[in-house]
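Q: Sequence:
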Amino acid sequence: MNFKVQSTFAFITMAVLIWKPVYMNQNTPNAPRNACLLNGASLSVLVHPPMTTDYRDQNFKGILGDFFGEIIEKCFVEQCQISPKSFKITVFNSTASFVVSMKENNSDIAFPIMRPLKMFLTSDDYNGSRFRFEEFMKTPWYSLILDVKNFNSKANSIVFKTLGESVWPIVIFTLLIAGISGICVWALETYFNEEEFPRSFTKGTYEGFWWAFVSMTTVGYGDKTPKFVLGRMFGVLWILLGLVVIAMFTATATSAFSIDVDALARVTGQRIGVMSNTTARLEANKLGAKEVKEFASKQALLSALRKNEIEGIFMDKYMASYMLYKQNDSNFKVFKDYEEKIPYELAYRDSPLFRDAFERETCARNLLQKSFVDSYLMKYLKPVAAYNADSDAISPFSGENPYTRKFLLIIMGVFLGLLSIGLVAEVVIRIIKRRNKKVKNVAGEIDLKEVKVHNSKGHLKDIEDKVSQLVNEVGKLQAQLAAMSSSVNGTQFGGQHTPHF
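When you line the sequence shown up against mature numbering (1 follows the signal peptide of the UniProt record, and there is no 0), it's residues -24 to -1, 1 to 477, in that order.
Rather than coming from a laboratory, the hints here were simulated on the basis of the structure.
One should not assume that every hint holds.
Ranges of calculated distance between the beta carbons of each label pair, as one might list FRET restraints [to be verified]:
{"hint": "1", "residue 1": "224", "residue 2": "404", "range": "48 to 54 Å"}
{"hint": "2", "residue 1": "70", "residue 2": "267", "range": "21 to 27 Å"}
{"hint": "3", "residue 1": "313", "residue 2": "383", "range": "33 to 39 Å"}
{"hint": "4", "residue 1": "64", "residue 2": "353", "range": "49 to 55 Å"}
{"hint": "5", "residue 1": "410", "residue 2": "175", "range": "45 to 51 Å"}
{"hint": "6", "residue 1": "61", "residue 2": "247", "range": "30 to 36 Å"}
Here are the simulated SDA-like pairs of lysine to any residue, each with C-alpha atoms no more than 25 Å apart in a straight line [to be verified]:
{"hint": "7", "residue 1": "130", "residue 2": "64"}
{"hint": "8", "residue 1": "302", "residue 2": "368"}
{"hint": "9", "residue 1": "137", "residue 2": "387"}
{"hint": "10", "residue 1": "317", "residue 2": "346"}
{"hint": "11", "residue 1": "64", "residue 2": "36"}
{"hint": "12", "residue 1": "137", "residue 2": "126"}
{"hint": "13", "residue 1": "358", "residue 2": "314"}
{"hint": "14", "residue 1": "79", "residue 2": "272"}
{"hint": "15", "residue 1": "355", "residue 2": "275"}
{"hint": "16", "residue 1": "274", "residue 2": "36"}
{"hint": "17", "residue 1": "114", "residue 2": "387"}
{"hint": "18", "residue 1": "269", "residue 2": "226"}
{"hint": "19", "residue 1": "125", "residue 2": "355"}
{"hint": "20", "residue 1": "61", "residue 2": "80"}
{"hint": "21", "residue 1": "293", "residue 2": "270"}
{"hint": "22", "residue 1": "262", "residue 2": "367"}
{"hint": "23", "residue 1": "312", "residue 2": "332"}
{"hint": "24", "residue 1": "50", "residue 2": "368"}
{"hint": "25", "residue 1": "413", "residue 2": "398"}
{"hint": "26", "residue 1": "346", "residue 2": "367"}
{"hint": "27", "residue 1": "269", "residue 2": "314"}
{"hint": "28", "residue 1": "312", "residue 2": "360"}
{"hint": "29", "residue 1": "79", "residue 2": "332"}
{"hint": "30", "residue 1": "293", "residue 2": "79"}
Keep in mind it's a predicted model, so treat the numbers as computed, not measured.
Idealized CB from N, CA, C, for every residue including glycine.
Please model the entire structure based on the sequences and the hints provided.
A: What follows is the structure, encoded as structure tokens:
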């Protein structure tokens, strides 16, 4: 029995000693020849910046393009002494042609493979070449990109809408309680202060409403004041209540002007645009997007966002960073990030040759598992400024707000229009007054002349009458003098010839 145990132990020991060098040799430059892909391979690359580019510049093939280039160089060219030309690379700009190439057995290796494409390639409906998958890397989260101008415009419209919906009940409430207060103060004051609060209900309550309103807003103008003790006590209570009402109004208005960026900048309930054949569509639907539209290119995405056809762009963080850096438009910014791992995979043909190359402990598998892509991230990803409410937000009454400018232009137009109308009216009125004055003066002069002429005629007639009277009187006087003269002469002649004794 002991002899059998010892024999078995010796056999196992010899097997381990024999197998160990073979196993260790797989991780050395002298790897098994069946993992070397001696005949090369056909590579299909889907353009998906920054993961892969169009390969026009061999120094910039994308994060995954550069990484797989390193795998080819280290694992197949250096270790297996295979010419780089043995790997034939075909670049595809559309997902459809990329899938056709894989389906028609034209691809040995293909990347990058995203979740929707992997689901299709592994589904029962797929009847093309079969592939296995190895994960390249994972991006850490999704980014939501918005147009700053459209966002500010939407935020301002929401501010005014909220202001209108929130403030009008306070305004109605204020007017109603001011009316009630006006009636109360009139009832308390009219018999003691009839001069300021008339006995007439309509006139008195109108004056009471005016007192209540100005007392609530400015603690009164002093033009009307209660005189009776009960009226003054009511006035004190009303002023205190008015302070509370005005505080409520101010708080409501202030709250309406406060913009909650997190409430507006979100996927939920928004019209979202995504790149086609990416996991962003599925994730946006999970987050409750109102509508999700797929676009074939990033330029189409940005154009739709600029035209407000969509409210936001949802894509993985690396793609968003690369796109915004290349676009170099400060109007597009990242507003929010959603933590979610997004895998990018490598597809290789499901055959013993490629399974040996990528599934055994080979150089290629080791590099894939260690995922040395971090060294390429800095090459393709640049810092992108996120939305900053302090610097990017435009308040409803900011000078940078186009609606504010339009509003100010309208107000200025109304002011200048009224000013022009007033000036023109004043000039016209002055001209009319001057003309009327001249007409009056001319009419006055004419009247004066007529009066003078009339008076002159009257005076002349009087003078003529008086002259004629004077002539008559003179004639009479002459006659009398003549008579007197003749009588005197007769008396003298008679005394001389016939004197009487």
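Q: Would you list, in rising numerical order, the hints stated earlier that this structure does not obey?
A: The structure breaks hints 4, 6, 7, 17, 18, 19, 22, 23, 24, 26, 30; every other hint is satisfied.
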